[in-house]
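J.: So you can see what is in the structure, the chains are spelled out below.
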Amino acid sequence: MILLRLISWPYTRKHLARTILTTAGIVLGVGVFLGMHTANQSVLYALHETVDRVAGATELQVTAGESGFDEEVLERVQARPEVRVAVPVIEAVVDTALPGRGSIMILAVDMTGDRSLRDYALESGDEAVVDDPLVFLAQPDSLIVTREFAEQNHLQSDSPVPMRTMEGPKQFVVRGIMKPSGLAKAFGGNLAIMDVYAAQKVFGRGRKFDRIDLAVSEGFTIDQCRAALEKTLGTGYQVETPGSRGQQFDSVLRVYSVTMSITSLFALFVGMFIIYNSFAIAVTQRRAEIGILRALGATRRQIRALFLAESGVAGLVGSTLGLGFGFLLARATAGYVGQMLEGISGIAQRVDEVATDPKLMGLALGMGIVTSMVAAFIPARNAARVDPVQALQKGKYQVLSAGENRVRRLTAVAFAAASVICLLVNGGAVVFYAGFFLATLAALLLTPALALWLTRAMRPLLRWLWPVEGALAADSLIQAPRRTSATVSALMLSLAMTIGLGGVARASYESITEWMGTALNPDLFITASPTLTSRSFLFPAYLGPTIRQVDGVEDVQGVRTPRVRFRGTPVLLIAVEVEKWAARAGRRPVEGRADEMYRLAAEGKGAILSQNLASMKGLHAGDLIDIPTPAGPLTLPVVGILEDWSDQQGSIFIDRSVYRKWWNDDRVNTFRVYLRKGASLPAVRRTILERLGTNRRLFVLTNEEVRSYITGLTDQWLALSYSQIAVAVLVAVLGIMNTLTVSIMDRRRELGVLQAVGARRRQVRYTIWMEALGVGFVGVLLGLGLGAINLHYVLEMAHRDISGMLLPYRFPTNIALMMFPIILGAAFVAALWPAESAVRGSLVQALEYE
Amino acid sequence: MIELTGVSKQFEGKRRVTALAEVNLSVGRGELVSIVGPSGSGKSTLLNLIGGLDRPSTGEIVIDSQRLGGLSDDQLTLVRRDKLGFIFQFFNLLPSLSCLENVALPLHLRGWTRRKAVGRARELLELVQLGTRLDHTPDELSGGERQRTAIARALSVYPPILLADEPTGNLDTQTGAEIIRLIQDLHGRLGATVLIVTHDPAVATSCPRTLTIRDGRVVGDERR
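If you read the protein sequences in the order shown, they are chains A and B. Residue numbering for the first sequence follows the numbering used here, beginning at 1 and increasing consecutively. Residue numbering for the second sequence follows the numbering used here, beginning at 851 and increasing consecutively.
Source of the hints: derived by calculation from the structure; they are not laboratory data. Even glycine gets a Cβ: it sits at the ideal position worked out from N, Cα and C. Errors might be hidden in some of the hints.
Just so you have them, the derived chain A footprint on chain B, three or more residues with Cβ under 8 Å [what the hints assert, rightly or not]:
1) 919-930
2) 1017-1027
Computed far set for chain B versus chain A, every beta-carbon distance over 10 Å [unchecked claim]:
3) S907
4) N942
5) R960
6) R1059
7) D1071
8) E1072
Turn these sequences into a full structure, and let the hints guide you.
T.: Structure below.
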């Protein structure tokens, strides 16, 4: 400890700016890791909390995916002796027309039995509403809201609440206000209770419920009750505890979680390089000090421990600050993540609080400290190996020997060969990731040699442009490749990741655009929600023919899109009129024959899978699948596999006739409308709204609006790749500043001599700037090169472990070209201060530096 | 106290350079010896080998009955720590530490408690007449004061052997003479074995014994 105070602290204090920059690497890594995961967890926590609060005393819940089930199922459940009480529920998130925060979760219940499961703690005076459940039945426009919602929207008992329902705009009336506790805190307090039978009309449920909540009879266990109900109802129904139901949300966020983990680990990795660079420089700068300590009797272990302790402290400080940064980031992004999730999956929740997890915080803190110490390990070891004799002779530094270079290059070649073998051998995840790791290591080991070669190649050009300054800058880089290689390596990795993510973004964008061109080619979309992903409201099937009669409409296709649990994953079931759909929007399959695929599916003899689902579940054309339905398991062969971007979890396409038969559900989520040639789109849209929209909830979206919405969602998702550019710039600035500082220190005498023989300050500055630009340029070139290789691995990772989508290789040329001015600009900025310090030092001191 | 037998030192680079060739040397306990020779003759290399800062290519070195050959780096460091004190031409004080802290540094490395280390450092600085400069940093001291601080540091555990590499090389004549007088005074009081590498004939002749080195060999051993 005393050595930390005597030796480390003075150095830290003297180089405070650089220390801060170095620590920033860890702050960034830890902050991004904690922030992203906390935002993720907060969304999940909000979801789970809502499920738990709404569940109340419910012990089991019966669902049939998102399709709901007929009322008669309730009677079958209630008839079981294992069931003490069973009540129907409809749950939906809606926009009210209130000027305040209008989005609200409606929990529609049968008040006659629901009080056994949920506690409605009303404000005084309102108790009659729940004490006498017939009040609700007699007044189906009744709503019970929470105090929070009431206050935000200036509501009190008997206040009207306008809502757009499937039967058009309707006024509901507040008949009770719940105290803020328990149930009233679900969905961030934006909750309202209404009668379940009124809700069936409001939300177009027909004679169906979304689920049944129940409590188990005395004398029976939950498992016994569950087993009995599963036997009674069949495999098309899920009987679960409320907690299990909440876990399905985890899989929806999985893709995002994995991507966030990769991003945050990458940020930590880059932080590690920054720390490594800084400590390597510190060892160089403190070489004489180390020599003195060794001469005075410090053992190698003491020297190594000193530097490791310094890195541990830097890691601790950086991690602690990173925790703070992470919370701020989580606060800023939790809402964004929630919105994105709602846009992509239709699952809505309110994220009002950031959920702190002590374990995650501890993990982030530990990762930051460990990363810092791992990064400093090699410099610490090098510090311990400093030759005290040479260190005490001013101006002499250890030079990389040719032998060591050769070993590095040979090792790199061996690693590269091994990674190629891993690529060729189809050996599963372990072999794949081992190959990725080896390829990256090979690139890192080759960096000094490649940087040297590139700099040598650049020298004639630099010399031609600026005979003195350019040559000096190139020579400085050529003579000390190890000095710059850490910065070049960090830049290279950072840019390689940028290219990787950028390539995925570009490929995804192109694929989605191409998919939209065929799959989303209707002229108009008629939905019951302003987005395509919300499934709270449903149309009756008879609306289709009505729309068809509108002048200008050539064809109308009804689509039903409930989520079903398929092999443990909540996937999107897309029930379409396959024959019509194939004629208008048919796409070539990636597996199976197009004509046969569509024919068999239209005849109800097969299902078509999306490629991502097939990849993730290991399914191929010809495999048999079981889809759970209320009428029992539906077994169908996979007749084809399509590239489809409808859902990140995957999609199953079946004919609507099959859906109607097995789910006994004729409702529709969306009508796809095709216009006659020459028909006026605005006129048809207006007509539909006038004819059908005045007394029902209905949105008419144009093709352009839908594409714009999907593109917007895609942009949000892919914004991550652009944040990598910011990381790359930060790495460039930090790394190059550090590198130049050492370079100037190494060349102090040389720069002094230069000025003494007549070089002007401007010329010395130019040489430093040239050196910085040289480092930046080499870093960009190597980064693009590694990025081209990295892209292949990232695409494969996306296919294998993230989304299941098979994306084409598309090098992101626009991002690559953008990197040159950005990184070179950053390099120039990073060189400004070192260049100034090079010209402002004492010339006499520089010349006697021997 | 110090025995060198057949000690040679070669440096490998683009060319092999022989810094020392077959040096045989014996220095008794309590001797004050100057080592002289032209630049590049191997004086500093000899001192570095005796001090355990470097290892000979061939030959054997024994310090206070301890053979240095075959010792690990840590063991060599412990010998250096316990038996040797170094005084350098360029002082090699840590610029961010005060005189007191610089002198206490070797004691902290030995694991002494802060109180004990500071107490000893104070005592040593009094010994070299720097009792009023305890809290001054090296840049606030004259050359002579810096060297006296460095001497105090070298004496931190009262080592049996003191090695001084051109201790007056960076000082003016008068200050250099003061330093040499101080070293001689300490030698007399503490009874340490002292080796001084020097260019200065006056310093050389002020010592009872002078070794002359030329081209890596001991060519003269004069006793007065």
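J.: Quick one: which hint numbers does this structure break? Sort them smallest to largest.
T.: 2, 4, 5
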